[in-house]
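Residue 1 is where the sequence shown starts when you use our numbering, and the numbers rise one by one after that.
Source of the hints: derived by calculation from the structure; they are not laboratory data.
Errors might be hidden in some of the hints.
Derived SDA-like pairs (lysine to any residue); straight-line CA-CA distance at most 25 Å [unchecked claim]:
1. K85 / Q15
2. K85 / D22
3. K85 / A23
4. K85 / E119
5. K85 / R117
6. K85 / R107
7. K85 / E49
8. K85 / Q68
9. K85 / A127
10. K85 / G47
11. K85 / R45
12. K85 / R14
13. K85 / S12
14. K85 / G123
15. K85 / G46
16. K85 / A16
17. K85 / E21
Between beta-carbon pairs, the in silico distance windows are [stated by the list, open to error]:
18. H95 / T60: 13 to 21 Å
19. L26 / A128: 26 to 34 Å
20. Q122 / G17: 18 to 26 Å
21. E57 / T118: 13 to 21 Å
22. N39 / G59: 18 to 26 Å
For each residue, glycine too, the CB sits at the ideal point set by N, CA and C.
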Amino acid sequence: MDRPQFRVKVPSTRQAGAAAEDAALLYLQQRGLRLLQRNYRTPGRGGGEIDLIMRAEDGTTVFVEVRQRTGAEHGGAGASIGAGKRRRIVYAARHYLMRLRELPPCRFDVVLLEPGRTEWLQGAFDAA
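Please take these sequences and the hints and turn them into a complete structure.
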């Protein structure tokens, strides 16, 4: 007798990333931040992307990188944000800020999502 075959649908990398951003957004909103923009990208090749741009209650514009890992084999979620990635995020933030008349106070935060744990690193790195 032939048994029916079932396929388990594994989420794509893009779907997993969107789900992680959804979770991070909800986490930050519950802590008083307000969404300004999601997935901001600079035009052209070689630019940068910012997962979430938020506004804190004190008026600070917060550029948020969201990282998710299913385990700590390779150093966990935080280990995946190297100098090159930080440089592209800063580039995209500067591009975003050029549109504004006045520069608000800003910071770069990271939300790390690992199984059973969410960690919010405020001021995780700077633009220097």
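Going through the hints against the structure:
This hinted pair checks out: K85 and Q15 have alpha carbons roughly 21 Å apart, not beyond 25 Å. Simply put, K85 and D22 have alpha-carbon atoms about 21 Å apart, close enough for the 25 Å limit, and the pair holds. The suggested pairing of K85 with A23 holds, with an alpha-carbon distance near 21 Å, which does not exceed 25 Å. Distance restraint check for K85 and E119: the Cα-Cα separation of roughly 19 Å lies within the 25 Å cut-off, and the hinted pair is therefore satisfied.
Of the pairs offered as hints, the one joining K85 and R117 holds, with about 23 Å between alpha carbons and a cut-off of 25 Å not exceeded. Taken as a hint, the K85 and R107 pair is honoured in the structure, with Cα atoms around 16 Å apart against an allowance of 25 Å. Annotation: proposed proximity of K85 to E49 holds, straight-line Cα distance about 9 Å (limit 25 Å). Among the hinted pairs, K85 with Q68 is consistent with the structure: their alpha-carbon atoms are about 15 Å apart, no more than 25 Å.
Of the supplied pair hints, the one linking K85 and A127 holds, its CA atoms being roughly 12 Å apart against a limit of 25 Å. Simply put, K85 and G47 have alpha-carbon atoms about 10 Å apart, close enough for the 25 Å limit, and the pair holds. For a cut-off of 25 Å, the pair hint linking K85 to R45 stands: about 14 Å separates their Cα positions. Restraint check for K85 and R14: satisfied, since their Cα atoms lie roughly 18 Å apart, inside the 25 Å limit.
Simply put, K85 and S12 have alpha-carbon atoms about 21 Å apart, close enough for the 25 Å limit, and the pair holds. Note on K85 and G123: the hinted pairing holds, with a Cα-Cα distance of about 16 Å set against a maximum of 25 Å. At most 25 Å may separate the alpha-carbon atoms for a hinted pair to count; K85 and G46 meet this at roughly 11 Å. For a cut-off of 25 Å, the pair hint linking K85 to A16 stands: about 19 Å separates their Cα positions.
With a C-alpha separation of about 17 Å, the suggested pairing of K85 with E21 holds against the 25 Å cut-off. Take H95 and T60: their Cβ atoms lie about 18 Å apart, and the range 13 to 21 Å holds. Look at L26 against A128: about 31 Å separates their beta carbons, and that is inside 26 to 34 Å. For Q122 paired with G17, a C-beta distance near 22 Å keeps the hint of 18 to 26 Å intact.
Against the hinted window of 13 to 21 Å, the Cβ-Cβ separation of E57 and T118 comes to about 20 Å, which satisfies the hint. As the Cβ distance of N39 to G59 is approximately 23 Å, the hint placing it in 18 to 26 Å holds.
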